[in-house]
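Please arrange chain L on chain Y, whose structure you already have, making use of the hints.
Each chain, written out:
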Amino acid sequence: MQMIIIHILAIASLASIACSLLGTFLMLRGVALMSDAISHAVLPGIVVMFLIVQSLESPLLIVGASLAGLATVLSTEYIIQTKRLKKDAAIGFVFPLFFSIGIILICKYAQTVHLDTDMVILGELAFCPFNRLIIFGIDYGPCALWSMGAIALLNSLFVFVCYKELAISTFDPILADILQFRPRLMHYLLMTLTSITAVGAFNIVGSIVVVTLMLAPPATAYLLTNRLLNVLLLSCIIGIASTFFGYFIAHYADVSIAGAIATANGLIFFCTFLLPFNNQYLNKI
Amino acid sequence: MIPLDFSFFTYYYSLILVATGTTILGATAGAIGVFAVLRKQSLLGDVVSHAALPGIALAFLITKNSHPITLMIGGSFAGILATGLTMLVARTTTLKMDTILGIMLSVFFGFGLVLITIIQKHSYAQQTMLNTFIFGNAATLLACDIYYMIIVALIVLGCLTLWYKELMLVTFDPSFAHTLGYSTIFFEIVMTILLIMTIVIGLQTVGVILMSAMIIAPAAAGQQWTNRLHSMIFIAAFIGGLCGTTGSIISNFCDHLPTGPTIVILLSIIVLFSFTYSYKKR
Chain Y
1 MQMIIIHILA IASLASIACS LLGTFLMLRG VALMSDAISH AVLPGIVVMF
51 LIVQSLESPL LIVGASLAGL ATVLSTEYII QTKRLKKDAA IGFVFPLFFS
101 IGIILICKYA QTVHLDTDMV ILGELAFCPF NRLIIFGIDY GPCALWSMGA
151 IALLNSLFVF VCYKELAIST FDPILADILQ FRPRLMHYLL MTLTSITAVG
201 AFNIVGSIVV VTLMLAPPAT AYLLTNRLLN VLLLSCIIGI ASTFFGYFIA
251 HYADVSIAGA IATANGLIFF CTFLLPFNNQ YLNKI
Chain L
1001 MIPLDFSFFT YYYSLILVAT GTTILGATAG AIGVFAVLRK QSLLGDVVSH
1051 AALPGIALAF LITKNSHPIT LMIGGSFAGI LATGLTMLVA RTTTLKMDTI
1101 LGIMLSVFFG FGLVLITIIQ KHSYAQQTML NTFIFGNAAT LLACDIYYMI
1151 IVALIVLGCL TLWYKELMLV TFDPSFAHTL GYSTIFFEIV MTILLIMTIV
1201 IGLQTVGVIL MSAMIIAPAA AGQQWTNRLH SMIFIAAFIG GLCGTTGSII
1251 SNFCDHLPTG PTIVILLSII VLFSFTYSYK KR
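As given, the protein sequences belong to chains Y and L, one line each in that order.
First residue of the first sequence? That's 1 in the numbering used here, and the numbers climb one at a time after it.
First residue of the second sequence? That's 1001 in the numbering used here, and the numbers climb one at a time after it.
Hints may contain errors.
Result set (EDC-like, lysine to aspartate or glutamate): computed pairs, CA atoms no more than 20 Å apart in a straight line [stated by the list, open to error]:
no., chain 1, residue 1, chain 2, residue 2
1, Y, Lys86, L, Asp1145
2, L, Lys1121, Y, Asp172
3, L, Lys1096, Y, Asp172
So, partial list: chain L residues that the calculated Cβ filter (under 10 Å) puts toward chain Y [unchecked claim]:
no., residue
4, Val1037
5, Leu1044
6, Thr1070
7, Ile1080
8, Ile1118
9, Ala1219
10, Leu1257
According to the in silico footprint, chain Y covers these stretches of chain L (three or more CB under 8 Å from chain Y) [stated by the list, open to error]:
no., region
11, 1093-1103
12, 1211-1217
None of these hints come from the bench; they were simulated from the model.
Virtual Cβ for every residue (Gly too), placed ideally from N, Cα, C.
For reference, chain Y alone in the conformation it holds in the complex (with noise of 0.2 Å):
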């Protein structure tokens, strides 16, 4: 197999555990579509870095991504405490909100750079394997690899560290705020690293993919199984496969290779869902 394939995959299946594992928790919680605000609303904070340091490679713009994120994340939870408006409306008021702003600065203030929207919204898997992380000459190869990587890793870490303390705030908040588990600092913790893992995943699968990476598999884990452990290692496997599966259909019908991904988890999804022994099937119809 080509190098060029193997990075390819190795960089997709790197992304999906990244955000299967946060996507789990996110899921468990009924936070889901915080991840797809999140993914929309991390632009104006790439603009306004962008503007600040006038590059784009910068690190820095992750930063101001994540800082973005974050700002959703609190003030759609402002607007719901006090109880203006109900939880989903909140969040479908607060992300346009902040996109619009992202693309009211480009548009005055960037437009003659590339800042290109359409990568953001629409990744390019093709083009990671070419854009290389060269230090002092010597080729490590990609940068998405490297960087999904890291990622990947950060989340596998706090996953592992703070097990116990997402297991209980996330299934019972309030003996969390009770035993001083810390529920709160998991759920920023938990919200932070949704919006980098976001920001680090847009070259890749772009923002709406990314949302399919972060809740497809673990659903699918979920119809399967209720033990948060097999939930998390499974939608890890399941996110693998459904990334396999993906990039061999766009390789052979010459097709966008997220579209194809997000495809190949929605297909993995629906089946699963239509299988007579899932244990949580429950039959209502």
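For chain L alone, coordinates are given in the frame of chain Y:
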């Protein structure tokens, strides 16, 4: 008889078109948005907006023309399919609603991307279509687009007037409606279809991501001022229409301000103002 000076109309023709279109869209989306928000289905609008992409792409692939009605039918079918699948999965599994919405939204959109790359191999319409879908093209609205918007607006208005009492009942007390013999499912489907039609016709103007705001924000603002459904609908429609007009005018006269985001920012300002200064008893 006052002699009318028609040069005003010809000079500002495109602005008048855009302003009319966005006003009608804003008012319609605001009105139907009230029902979506009250039924906690705000994000269903987001899902339908994203899910419409494969429908539009498929309609283009099959019919090979980009007539707005064709695309709208395709988009509506995809929206209906997405909504139906959402309801199916929600009723038969223990997955939470927002997870299912997130999956449908992104998977349908991803499939749409696949179709777009297929289109790209056969024609050059791909890039414009995707850009229009995501960001809208309010500035290039044609008169025929306005006619379609008027038709959709009239349908929505008609249904809301005709079935106002039933829709109100089904929204606030579905069990009671059921005991009275009304078919809850029928009216839920009516509301969902009206929502889908509005969204699909509005996608061309403001794009996917901002369509959510057009549906949710006027209703959110309306909720802050009143507890009565009919007032809420009027306020929401008024705010939606007002922001549509103002947004297009401002966007026309200021450089580098695209129409869609401007409208959303105006809507958000009004919503935030409503949060702070409304005096409704809570």
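Hint check results:
1. Lys86/Y to Asp1145/L: 34 Å, violated
2. Lys1121/L to Asp172/Y: 52 Å, violated
3. Lys1096/L to Asp172/Y: 17 Å, holds
4. Val1037: Check passed: Cβ of Val1037/L comes within 5 Å of chain Y, closer than 10 Å.
5. Leu1044: Leu1044/L check passes; min Cβ-Cβ to chain Y is 9 Å, inside 10 Å.
6. Thr1070: Hint on Thr1070/L: violated, closest Cβ of chain Y at ~22 Å, above 10 Å.
7. Ile1080: 17 Å, violated
8. Ile1118: 6 Å, holds
9. Ala1219: At about 7 Å, which falls below the 10 Å cut-off, the nearest Cβ of chain Y leaves the hint on Ala1219/L intact, so it holds.
10. Leu1257: Because about 6 Å separates Leu1257/L from the closest Cβ in chain Y, which is inside the 10 Å limit, the hint holds.
11. 1093-1103: holds (count 10)
12. 1211-1217: Satisfied; 5 residues make the cut.
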